[in-house]
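Novice: This is what each chain is made of:
Protein chains: 2
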Amino acid sequence: MNAIILSIGDELLIGQTINTNSAWIGQLLTTIGIKIIEANTIADSQSAITAALDEGLKKADMMLITGGLGPTSDDLTLPSLAQYFKSELVWDEKVWQNIQHIFHMRGREINESSKQLAYVPHNATVIYNTQGTAPGTIFYQNGKMVVSMPGVPYEMKAMMELDVLPFIKRHFKLPFILNRHILTAGVGETQLASKLTDFERELPEGFKLAYLPNIGKVKLRISGTNADETALKAEMDLQFAKAAEAVERYTYGFDNDTLEQVVGKLLIERSKNLCIAESCSGGYISHLITSVAGSSNYFKGAFITYSNEMKMSQLGVQYSTLEAFGAVSAETVKEMLSGSLKASQADVAIAVSGVAGPGGGSEDKPVGTVYIGIADRHQHYIRKFSFTTHRERNIQLSGVVALMLLRNFLLGRLQTEV
Amino acid sequence: MNAIILSIGDELLIGQTINTNSAWIGQLLTTIGIKIIEANTIADSQSAITAALDEGLKKADMMLITGGLGPTSDDLTLPSLAQYFKSELVWDEKVWQNIQHIFHMRGREINESSKQLAYVPHNATVIYNTQGTAPGTIFYQNGKMVVSMPGVPYEMKAMMELDVLPFIKRHFKLPFILNRHILTAGVGETQLASKLTDFERELPEGFKLAYLPNIGKVKLRISGTNADETALKAEMDLQFAKAAEAVERYTYGFDNDTLEQVVGKLLIERSKNLCIAESCSGGYISHLITSVAGSSNYFKGAFITYSNEMKMSQLGVQYSTLEAFGAVSAETVKEMLSGSLKASQADVAIAVSGVAGPGGGSEDKPVGTVYIGIADRHQHYIRKFSFTTHRERNIQLSGVVALMLLRNFLLGRLQTEV
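One line per chain: the protein sequences are A and B, in this order. The first sequence begins at 57 in the numbering used here and counts up one residue at a time. The second sequence begins at 57 in the numbering used here and counts up one residue at a time.
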């Protein structure tokens with residue numbers, strides 16, 4: 057079973073927008089055993105869309121189209137599809153109600169042009185948009201499928217998960233494929249690979265291991281395929297357990313876990329709440345923690361003490377400490393930890409101080425020098441890190457490493473494993 | 057003059073890597089007046105590459121190919137091109153010396169397989185790789201150009217800038233093109249369009265206006281082309297000024313400005329420093345502010361008071377206020393403003409409290425209800441917003457709107473224009 061992903065939009069061609077939809081869809085279809093043979097981007101033009109459909113349906117079983125569904129005259133996907141599939145556009149009251157609902161939710165007046173979005177092809181399955189106004193459509197003819205979705209990533213993703221995947225599973229016979237992920241942080245690919253040499257060599261037929269690195273983290277994907285579903289599941293359980301054991305000390309979670317969710321769960325399990333004192337990371341760690349729904353159950357708050365005065369007035373960092381050791385020091389981080397615990401009455405604290413860059417570095421403490429500490433009322437741990445010369449990366453790495461340290465602290469492993 | 061961008065690599069199709077090369081090349085070619093008609097991604101397969109060349113050269117004047125140039129057996133771009141253009145592969149001593157140099161620089165032993173990279177097509181222009189081992193090639197036949205470059209972004213970028221662009225300018229006659237951008241926030245496309253109706257209708261031949269929306273912001277792009285460069289520049293200045301005037305009240309910057317930089321510059325110009333009191337936005341606004349290098353010059357810090365206790369202990373919000381009006385209220389935000397100004401001794405404060413969701417909504421204050429306030433020692437402004445049902449968007453919208461309000465406050469326009 058193979059597929060072509062087709063992205064429509066001048067903004068993609070001229071590079072105004074980086075196409076992330078295509079990779080997301082590619083990843084999702086790959087996990088269910090559909091092979092992506094092409095991922096093409098074309099202009100908002102009826103002739104280009106028609107030509108792409110003609111060419112694509114010769115080669116592929118399905119085409120997944122994103123973009124070009126808005127109410128303006130340069131949105132040509134739906135008219136092009138309607139002509140291609142000889143559709144009449146008919147009024148869909150449910151779509152119209154959804155459009156009204158979305159406008160109402162956003163506190164905006166409905167404008168006339170959006171009425172047009174409620175006309176859908178009579179010979180297609182309509183995908184109702186739970187996140188926005190433009191509906192999607194699925195044409196399924198002669199065993200081939202053409203799906204059209206909005207280009208807005210979160211609208212597209214909701215449609216893929218709620219409607220398109222179930223539709224594909226109903227209408228196409230797919231091979232048995234399983235994917236499992238092991239999520240690691242604070243360790244490089246090379247070091248992981250050295251732990252997995254035996255595992256990789258002994259992988260059975262139909263099984264593969266991939267390394268997917270991303271700022272401070274590496275995701276390991278084990279994928280397997282087999283004609284027999286039961287045998288596949290059993291073999292995957294075996295292989296997954298084997299790999300997980302080999303990299304256990306670097307692993308924070310599996311599959312769809314996120315580091316911030318894992319940390320949140322641990323805090324809940326241990327009935328601990330958290331405060332954060334951030335300097336160079338400037339609020340990023342608090343943002344990670346609060347990106348998790350329900351984080352108010354364990355996050356008391358944070359002190360973003362970007363200036364020395366704030367470190368002193370809010371956290372009680374001593375002037376003498378700043379004078380003697382500087383804001384970027386283990387001594388200052390230690391006082392940030394105790395000060396934030398005291399001020400917030402939280403059980404556990406993270407504190408971070410460093411040189412994010414590009415300015416502010418010295419020979420002694422070059423850009424990328426970051427001290428990260430974790431403490432409760434009884435103990436504290438502080439580590440010095442040397443990250444990169446790049447401001448954004450230093451902020452992001454501070455976040456990943458701080459959360460990984462907090463996790464290990466909560467698990468009682470901070471002394472040995474970071 | 058038009059072009060096709062062709063990316064080669066299974067890792068792109070399965071979504072392991074997001075294709076950023078394509079957008080980068082598209083942007084660069086667009087600025088010199090080359091129209092991108094397609095951006096296609098295909099597998100590491102000789103038949104796919106040959107088919108893409110056949111199809112592509114029918115439609116385009118040039119094809120820019122990235123990827124598939126490594127020394128391993130699944131790197132098939134060069135053999136495919138060599139066969140397509142009936143090339144013999146010949147030894148290139150200069151490429152070989154560069155490969156040795158790169159290995160030496162990286163402190164690595166040369167392996168046998170990399171010798172193969174020094175064989176290049178006899179009938180192509182070789183592009184020497186200043187950043188890595190694999191050379192690029194340019195085939196230029198019958199007025200059509202096919203460029204092949206490595207998939208590693210920084211290797212490709214160096215080749216484009218140092219060799220490919222000069223080659224294109226030598227061999228193709230390009231039109232003069234200019235692009236200018238007006239950056240707006242806190243206003244929808246529809247409302248902007250209503251302000252620009254006259255402007256759009258009166259746009260001269262060769263000029264276009266595009267709307268590029270992105271969470272709370274809309275970027276307007278005016279592009280123009282003309283055979284006469286001086287006339288183009290004069291006309292662009294005129295059109296740009298006209299559009300900028302029409303949407304002036306929504307505009308925070310131009311071209312490469314960012315909202316957080318604009319706000320930072322205003323704070324510096326007015327010698328004001330800033331503190332932030334965040335509840336539902338959870339540190340995101342502080343993260344935006346501190347993503348700007350040098351923000352320590354005007355950012356004192358922030359209070360991420362995620363719990364009511366922190367609102368009371370850190371900001372002096374009254375228990376009675378929380379009891380009577382709730383944490384999500386203008387009254388609480390007012391006390392957050394005055395409390396943060398007092399505790400930080402900053403000149404200006406932002407305060408935000410709302411329901412980010414997905415939980416915590418009520419009939420009275422549904423998910424997406426957010427109060428945002430700005431204050432100095434003399435005055436305060438607080439507005440209520442109804443954003444979306446989506447946690448991440450609500451956090452991001454809070455950030456954009458808060459910075460836009462701060463900007464308008466600093467410009468003395470908050471009462472009339474938000």
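Quick caveat, the hints were computed from the structure, so don't treat them as lab data. Owing to the predicted nature of the structure, the values given are computational and were not obtained by experimental measurement. Glycine included, every Cβ here is placed at the ideal spot set by N, Cα and C. Keep in mind that a hint or two might mislead.
Stated by the list, open to error - Cross-link-like lysine-lysine pairs, in silico, DSSO-like; alpha carbons within 27 Å at most:
# : chain 1 : residue 1 : chain 2 : residue 2
1 : A       : K171      : B       : K398
2 : A       : K213      : B       : K275
3 : A       : K114      : B       : K115
4 : A       : K298      : A       : K251
5 : B       : K440      : B       : K398
6 : A       : K264      : A       : K251
As the list claims (entries may be wrong) - Where chain B lies over chain A, by a calculated footprint (3+ residues, C-beta under 8 Å):
#  : region
7  : 144-156
8  : 284-295
9  : 361-370
10 : 436-444
Novice: Look at each hint and say if it fits the structure.
Specialist: Now the hints, each set against the structure:
1. A:K171 <-> B:K398: Between K171 (chain A) and K398 (chain B) the Cα gap is close to 51 Å, so the pair fails against 27 Å, i.e. violated.
2. A:K213 <-> B:K275: The hint holds at about 24 Å.
3. A:K114 <-> B:K115: Cα-Cα ~19 Å, so holds.
4. A:K298 <-> A:K251: Within the cut-off at roughly 11 Å; holds.
5. B:K440 <-> B:K398: Measuring from Cα to Cα gives roughly 24 Å; hence the hint holds.
6. A:K264 <-> A:K251: Given pair K264 (chain A), K251 (chain A) holds - Cα atoms ~16 Å apart, limit 27 Å.
7. 144-156: violated (count 0)
8. 284-295: violated (count 0)
9. 361-370: holds (count 7)
10. 436-444: violated (count 0)
Hints 1, 7, 8, 10, counting from the list given before, are not met by this structure.
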